[in-house]
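Each of the two chains sits in its own frame; use the hints to bring them together as a complex.
Protein chains in written order, with the numbering used here: chain A, 256 to 945; chain B, 7 to 290.
Some clues are possibly wrong.
Below, a list of computed lysine-lysine pairs in the DSS-like style, where the Cα atoms sit at most 30 Å apart [to be verified]:
no., chain 1, residue 1, chain 2, residue 2
1, B, K132, A, K937
2, B, K168, B, K132
3, B, K155, A, K826
4, B, K35, A, K935
5, B, K155, B, K168
6, B, K132, B, K35
7, B, K156, A, K826
8, B, K156, A, K935
9, A, K583, A, K429
10, A, K412, A, K437
11, A, K826, B, K132
Not the full set, but computed from the structure, chain B residues with beta-carbon under 10 Å of chain A [to be verified]:
no., residue
12, V38
13, N90
14, Q131
15, S133
16, N134
17, F136
Everything labelled a hint here was simulated from the structure, so no lab data went into it.
Backbone N, C-alpha and C define an ideal beta-carbon position, used for all residues, glycine too.
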Amino acid sequence: MSQPGTRTLELQPTPLRARGTAGTWLTGMALFVCVVMIVGLLGLILVSGSRTFWQRPIENVTLASGQSFYGMRFRTEQSPDMGERTLYRVGNRDLGQQPFRWVDEDEIANRERPDDAVLIERYEWGIWLGVPTRIIEIDDDGGRSVAAEGAQNVLEKLPSYLDAARARHIRAEKIRSDEIAKLNHKLEKLRLTDLNAKLRANSAEHNGHIGYGLWCSLVVLCLGSALGVYVLNAPIPRRLLILAMCLTALGAFVERPWADRPISQEQLDEILAGTSARRIKLAAQFTELTDQVAAIEAEDARYRVEIIDPLTGRFAALSQSQTDEPMKVSQIIRVVQPNKMGLSGKVGLYLSRWWEFISRNPREANTEGGVFPVIIGTLLVTLLLTIAVVPLGVMAALYMREYARQGLVISILRVAINNLAGVPSIVYGVFGLGFFCYGIGGVIDGGPDPSIVLRAGQWWILLFIAAGFAFVAMTISSGGPKNKRGLLGGLAWGAVAILAVIAVFTTPYFDGFFRAKLVDGSPTFGTSGLLWASLTLALLTLPVVIVSAEEAIAAVPGSLREGSYGCGASKWQTIQRVVLPGAMPGILTGAILAMARGAGEVAPLMIVGAVKLAPQLPFEARFPFIFADRSFMHLGFHIYDLGFKSPDSEAARGYVWTTTLLLVTLVVLMNLTAIRIRTKLKARFQSGQF
Amino acid sequence: MTTQPTSTTERSVAHAVQTGVAFEAARHKELVEIDSVLDVSKFSLWYGENRALYDIAMSIPRGKVTALIGPSGCGKSTLLRSVNRLNDLVPSVRTSGEMLLNGRSIYDPGVDVISLRKRVGMVFQKSNPFPMSIFENVVYPLRIAGERKKSVLRDTCERALKSAAIWEEVKDRLHDSALGLSGGQQQRLCIARAVAVEPEVLLMDEPCSALDPIATARIEELIHDISSRYTVLIVTHNMQQASRVSDFTAFMYLGRLVEYGTTKQIFQNPHLPETEQYVTGRFG
Ligand SMILES: Nc1ncnc2c1ncn2[C@@H]1O[C@H](COP(=O)(O)OP(=O)(O)OP(=O)(O)O)[C@@H](O)[C@H]1O
Ligand SMILES: [Mg+2]
Numbered sequence: 256m257s258q259p260g261t262r263t264l265e266l267q268p269t270p271l272r273a274r275g276t277a278g279t280w281l282t283g284m285a286l287f288v289c290v291v292m293i294v295g296l297l298g299l300i301l302v303s304g305s306r307t308f309w310q311r312p313i314e315n316v317t318l319a320s321g322q323s324f325y326g327m328r329f330r331t332e333q334s335p336d337m338g339e340r341t342l343y344r345v346g347n348r349d350l351g352q353q354p355f356r357w358v359d360e361d362e363i364a365n366r367e368r369p370d371d372a373v374l375i376e377r378y379e380w381g382i383w384l385g386v387p388t389r390i391i392e393i394d395d396d397g398g399r400s401v402a403a404e405g406a407q408n409v410l411e412k413l414p415s416y417l418d419a420a421r422a423r424h425i426r427a428e429k430i431r432s433d434e435i436a437k438l439n440h441k442l443e444k445l446r447l448t449d450l451n452a453k454l455r456a457n458s459a460e461h462n463g464h465i466g467y468g469l470w471c472s473l474v475v476l477c478l479g480s481a482l483g484v485y486v487l488n489a490p491i492p493r494r495l496l497i498l499a500m501c502l503t504a505l506g507a508f509v510e511r512p513w514a515d516r517p518i519s520q521e522q523l524d525e526i527l528a529g530t531s532a533r534r535i536k537l538a539a540q541f542t543e544l545t546d547q548v549a550a551i552e553a554e555d556a557r558y559r560v561e562i563i564d565p566l567t568g569r570f571a572a573l574s575q576s577q578t579d580e581p582m583k584v585s586q587i588i589r590v591v592q593p594n595k596m597g598l599s600g601k602v603g604l605y606l607s608r609w610w611e612f613i614s615r616n617p618r619e620a621n622t623e624g625g626v627f628p629v630i631i632g633t634l635l636v637t638l639l640l641t642i643a644v645v646p647l648g649v650m651a652a653l654y655m656r657e658y659a660r661q662g663l664v665i666s667i668l669r670v671a672i673n674n675l676a677g678v679p680s681i682v683y684g685v686f687g688l689g690f691f692c693y694g695i696g697g698v699i700d701g702g703p704d705p706s707i708v709l710r711a712g713q714w715w716i717l718l719f720i721a722a723g724f725a726f727v728a729m730t731i732s733s734g735g736p737k738n739k740r741g742l743l744g745g746l747a748w749g750a751v752a753i754l755a756v757i758a759v760f761t762t763p764y765f766d767g768f769f770r771a772k773l774v775d776g777s778p779t780f781g782t783s784g785l786l787w788a789s790l791t792l793a794l795l796t797l798p799v800v801i802v803s804a805e806e807a808i809a810a811v812p813g814s815l816r817e818g819s820y821g822c823g824a825s826k827w828q829t830i831q832r833v834v835l836p837g838a839m840p841g842i843l844t845g846a847i848l849a850m851a852r853g854a855g856e857v858a859p860l861m862i863v864g865a866v867k868l869a870p871q872l873p874f875e876a877r878f879p880f881i882f883a884d885r886s887f888m889h890l891g892f893h894i895y896d897l898g899f900k901s902p903d904s905e906a907a908r909g910y911v912w913t914t915t916l917l918l919v920t921l922v923v924l925m926n927l928t929a930i931r932i933r934t935k936l937k938a939r940f941q942s943g944q945f
Numbered sequence: 007m008t009t010q011p012t013s014t015t016e017r018s019v020a021h022a023v024q025t026g027v028a029f030e031a032a033r034h035k036e037l038v039e040i041d042s043v044l045d046v047s048k049f050s051l052w053y054g055e056n057r058a059l060y061d062i063a064m065s066i067p068r069g070k071v072t073a074l075i076g077p078s079g080c081g082k083s084t085l086l087r088s089v090n091r092l093n094d095l096v097p098s099v100r101t102s103g104e105m106l107l108n109g110r111s112i113y114d115p116g117v118d119v120i121s122l123r124k125r126v127g128m129v130f131q132k133s134n135p136f137p138m139s140i141f142e143n144v145v146y147p148l149r150i151a152g153e154r155k156k157s158v159l160r161d162t163c164e165r166a167l168k169s170a171a172i173w174e175e176v177k178d179r180l181h182d183s184a185l186g187l188s189g190g191q192q193q194r195l196c197i198a199r200a201v202a203v204e205p206e207v208l209l210m211d212e213p214c215s216a217l218d219p220i221a222t223a224r225i226e227e228l229i230h231d232i233s234s235r236y237t238v239l240i241v242t243h244n245m246q247q248a249s250r251v252s253d254f255t256a257f258m259y260l261g262r263l264v265e266y267g268t269t270k271q272i273f274q275n276p277h278l279p280e281t282e283q284y285v286t287g288r289f290g
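Pulled out of the complex, with its shape left as it was, chain B reads as follows (with noise of 0.2 Å):
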């Protein structure tokens, strides 16, 4: 133990790495007066007897959109995937702590997962289209909550295509298969399928890292564009893209939150140094 206790050692993440403590996330205090849609609170998960997220606790605003960064391995996919609890498919994860959706708990016994995952929409790092004609891509939600009339489906296809920047590309062809279309609009046809029941919160995880750039410029125009209706919760490696689609920024490090704020302040005025580090490319 060569460095000297300063206060800011005392509140470094490394400290608290090594000794194990929990760590007080510095939270900015824009986020004092948020209206939250989803709160967590002390949230830790454990893959067998590893711990992925640490006694995690914040507050996602409603309809804005919030970007989880850090580097890779800090959990936030971990993080992302215990909302719909998605988690739930590996089973040997075990949680303890509050995710509480709309004041409702997520991790309650009682808790209906499949009700659960159809208000929170997903979206993954690479696209998944299902096996089946773009038409029946976007309507599968419905489909599997036991929807049949056809003017139904055909609305909402249209509607989560447009909302997915996508329409006008497919509108000819939506009954030929969702596989023949370009990853760009794979993803775009993913971004429709989650939004075509109106979920209440979004998650994306990494929605632009196959991406080129002039298809990564469409969807994040997208997200800026559907975050007035949704909440958007978004993974992102690319601090550009963080600071250009997303009003709140959270930084996590180690399963740990770190610090949580407006993103301006996150990328402008950070309160730790591992966070400035972490934005300014120095770290991670």
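Bound-form chain A, shown alone (with noise of 0.2 Å):
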């Protein structure tokens, strides 16, 4: 037995379970997994999305068969037989083939890369491969004279036609997209005009508008504020009151909402009798543009150009149905020939077909083209969807820190703000087409429902009660017993945003904004539109605004807010000048953080307004700018467009990915500048000291 005293101390290995390798292992394994599925989602995406638009080589397959053909190789697999096979673009789809062709290798005699063999890139049936051979020029009286003969020579002088065409095609474009658009529009206007005024000729019950009931209940509201501000001293600006009152003033005078009555059979048959004597003006304006066009368009005819097919022997056709006729030059975007191409010209070509695809409309069922208005539309409902949720989310943060007693309520409703967010977006996106579109949108469009309209007298009786109410709540909220005033006063308050909301939802005094366009059919905003998008997407990231807007809030110290109210400041003082600055960092990375999951939802989307193909961008240079009723294209949808629902899955394939990669840009973007905003205001905002 050892001795007490000298006890020795004896050193055992240490277990390996204690040492901690096997975690080291484990969770480095799992980061490793982690890291290597995302590093594997971008890099694919990048690299599939990057190669798109880069040209390869045309070679002449010529198989054992004797056929020989021009194609792109595409890529190589193992068939299921076990051989190898090879996908080929072939292009040429107007001769009635698929522009994509399996081949397999043991049946591939020869490849070779000609000198000769171009790639033309059309405005419509897709590319063309096969050789040059002749320019044809067409003078006036239907004279053929051959320009150019011969691949080399052909090529020599085909950009020079080009250019001429290209210039021929702007012109035609502008007078298009600008003049015939902007005629087009006035004579819609002209038969909307026609419309209203048979409606009105038509009506002797809704003898008023909403111009009316809208500028009564301001007037009450001014007159309800003025006895708060001046009887009462709520604690109303005075400057934001008289700020209202002249709005009141200048929209009776705008608006004038006594004016709009029914029209008499005389007065219809003036309006009606101007607005044919404008159309037919502008009639004669448009015709003045068309033949412009058609001037256009016959200087177009006038240059052909032959490239022959050298599986048939056939040239690319003038049209489908005229296959003896060689194509106008005009039809032609590009000319590449790719086996002569080196380095640096493939890079312009590679670049400039980055910018094409970025700055052009879609063409060919998206397939080709560009992807400009998809851009357009995903950056408008973006800004449209902050616009409307950043205020809103952080005016209720900052109703449940600073200003809502912390108790069960708010835990409650915090909760289920939380809860929101993890609703699936579809279920915003039904929620959206019912309640925005179908609801809000039906009302703007034709005025609420005939069923539930009040009467005039019973309307007025109900729109007097809510002023009596507003009144109510003003004299509890500017005095009273102070421990009731909260609950009485938000009761009151209450009542009278239910009692405001039945009053615009029965008022008989209003047609809605659009009854025109809807008797004729076509509804505005009571349809899937921008505008109905951007709120549900708003709707939809409401939480995380809401979420991060309350941290940031709530992380801004208590000393701050304690040194604000020591010098006098009112409680609204602070939160503007030292608690909103101080929560901006946070606000802000919350707003993007929200715009990136914005942008990037697609279900939602689908039922309120994303098309495949939006006949007009939302976007106009003319007044309101941002045609909020209209649809849209969104990049998210495209994808799924394209990958899904296109005609032509290999051809899309390509820009499924290249889609792809720009909205991944897009987002990572938007999330950088989270992160560099957040930054930047954290060392503003931030102490250095410690």
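Here it is in structure tokens:
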């Protein structure tokens, strides 16, 4: 036995379990798997997306059967019967062939890259592969002369012809998109004027207008507030009240709410006569413009080029029905001679294709051309959603943090908001369609549902009850016993809000802003569109904004608030000057995260407004610039549409990747901006010393 | 109950605390003829169920520096924050008793708290400059009062910074962030902010507790300088500081005012043994 006092410490090797090596491995492996997945995802998108526009050589493939064709090799894979097969893009769709063609490697006898082979990108019918042989000019009386013969010659001369054709194209486009569109717009307005006049002539009972009801409520509100401010000393800034009164007066002046009365038959006839006179004038202008365009097109038709497909020996035709006529030069977007192209040429081509992708409209069921309207749609919807969600979310968060008593109700509310973030987005889409499009949009278009409209007397009684509640609420909020103030005031204001909403939805004085169009069968706001999509997405991202704003507000130190109160600041001043600036980095981060989420959302957009091909941009260079009722295109939906709804999935494949790359880049850029803003503002708002 | 009832124990604080009776503070006779700016009478305050102040009664002399001393948790900050009603921000607070500023009640229901706080400046224990420029910090009280004139703002800023003895250090960087200042500078900036609107009373809650001796000395000097213009009520844990800067000293203990007199008397000739023990550092 060991002697007392000389106990030796027996050192045992630390068991493996205690060393923690296993833990290091395990956690490290988990991280590794995560990194591989993320990098893999982004890498795949990056590689596939950036490959699409790279020009591949044109091969002249000769098969064992003696047949030979031009094609661009896409990929090679093991076919099911164990041989290798290669996918060629052969284009020339108007010959009636598939634009992609699988060829077994065994069958291929020979491959070469002819110098003369060219790739023609066309406005219609996709690409054409072939050998150029002639440029033909047609003079005014139909005589044809060959301007160039032989591939070399043609390729030398073609660029100048192309430039001329492009200049004409730009001119024609300008006439079409600017002037003819303007005329169309004016004609549409005339048509609506007619419709409106007819509606007003035929309506006896709906003799009012939204302006009237709105103006009356404004008057009531202004008078009530004036009473509150000047009699009860309510804490409403006088300047604001005076502004509201001025706006009300202005509204009366501009809108002339009393002026919208039914019109007599004579007046109707007068209006119709006026519009038809203007219509005739416009029609004359219209003919003039179409003549100009026709002249340009006639000029276009004079220059032809023959590009022969080696397999069939036929040239690219003017159109499907005129196969014996060679195509016009003006049908060509770009001529590429890939086999003779150097690296710099290929890089230039690559960049110009990206530029075209970003700046042009889509063609050929979205599988060619660009995604410009898609980008614009995505940006606009994101912009509108941000404008809607940020102020709302921040105000809600402010109320919850700064004003509300922290108790059970607020806790429940907070949990509810957090849960809202987990509701599947398609649910928001369905809600948006039902509530925004059909509910609110329907009222905006055609006024409230006739079955719930009150009679005038009833409606005015309702309005006066609402005004009475507003008066009571104001009295309670500006004075009265302090401990009861919150609950009673809240109840009174709640009643005002509910009554006001009921009044809006039951007014007999409102026929809708776009009744004429609705009667005509085309709802304006009563269907899916940019505005409702933005609001739906705003609802979807509201929890993100509220939660992040609340956190940011809570993170503003209490000592700053106390300092502000100690200087004699009111609560609102403290919030405005100390709390909000201090919380700004967090609020902005939340806002940008919400934007990124909204920009990437697809499911609700499919229901409330994103479309495969929007006829018009939701943005135009005339008032009101953003046309929020229009349908729009969206990158996320575009990817879905290209990938799964495209008639030619092989052709769409490349575009799926590039569009994905674009969307991911957009979202990543937004997130980077968020991080940048955050660090910048943090540096401004946080003390440098510890 | 083993202690003998003597004349001292009848007036002992411990006895009052144990039995829960009100405690009549030992008030020195020098206080009788003062001109008071703030009168506190029978003022009590509860945080929910907990009573933090017990029937405080004291008068703060005008144009003098009064120090509040006492062990931690005795209610000094609470009393200070009651003067500008900053305790209103704590939802559970309840008060009773009276507080008169220049003869007008502070706790009257009709009192405009905001204008009260403009008349009573406050400097906190931890400096709390706002995340704005130095200039904006100093003129903050004017801005929230709606002052717009550039010249007024500039003059006030300069005057306040000068009276807080920081003008020379910051005059070239007025539009830099206040957060770039050192701790002591930040505290003096907060003093400048508090005196920018010429308050009648300046409340200071341990203004030097986070500062090094040199910065502390500067602020003590500053308190000395401005005490001719403002009434200062200062909380401090530093006995030397209390004896250096203050004219009067009040000793608090467990929510009660125990002894109140001139600083000289409190430190050299206190009436109660508790006060003596506390100021000599043997108690608390
Ligand atoms: N917001 C509050 N809610 C509840 N109780 C509080 C609150 N603030 C202070 N108290 C209690 O009031 C009592 C007095 O606190 P106070 O802060 O006034 O002490 P103090 O004298 O300033 O102490 P110190 O010297 O440590 O600053 C303490 O018991 C404290 O627990
Ligand atoms: Mg304290």
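- Message: So, as I understand it, the hint says Q131(B) touches chain A; can you test that by seeing if any CB pair is closer than 10 Å?
- Response: 9 Å, holds
- Agreement of hint V38(B) with chain A interface, Cβ distance less than 10 Å: Hint violated; V38(B) Cβ to chain A Cβ min 32 Å, cut 10 Å.
- Query: At a threshold of 10 Å, is the proposed contact between N90(B) and chain A supported by beta-carbon distances?
  - Reply: 6 Å, holds
- Item | Given hint K826(A) paired with K155(B) - CA-CA distance at most 30 Å | 24 Å, holds
- Are the Cα atoms of K826(A) and K132(B) separated by 30 Å or less? 21 Å, holds
- Is it true that the CA of K412(A) sits at most 30 Å from the CA of K437(A)? Violated: K412(A) and K437(A) sit about 38 Å apart, past 30 Å.
- Supplied contact hint for S133(B), tested at 10 Å Cβ to chain A: Check passed: Cβ of S133(B) comes within 9 Å of chain A, closer than 10 Å.
- Message: Need the status of pair K35(B), K935(A): alpha-carbon distance at most 30 Å?
- Response: 60 Å, violated
- Item | Restraint outcome when N134(B) is required to lie within 10 Å of chain A by C-beta distance | Holds, because the Cβ-Cβ distance from N134(B) to chain A comes to roughly 4 Å (cut-off 10 Å).
- Pairwise hint evaluation, K429(A) against K583(A), where the allowed Cα distance is 30 Å at most: Holds, at about 20 Å.
- Message: K168(B) and K132(B) were given as a pair; does the straight-line alpha-carbon distance stay at or below 30 Å?
- Response: Holds: K168(B) and K132(B) sit about 21 Å apart, inside 30 Å.
- Task: Would you settle whether the hint for F136(B) is holds or violated, based on the nearest Cβ-Cβ distance to chain A being less than 10 Å?
- Result: 6 Å, holds
The structure fails hints 4, 6, 10 and 12 (numbered hints given earlier, in ascending order).
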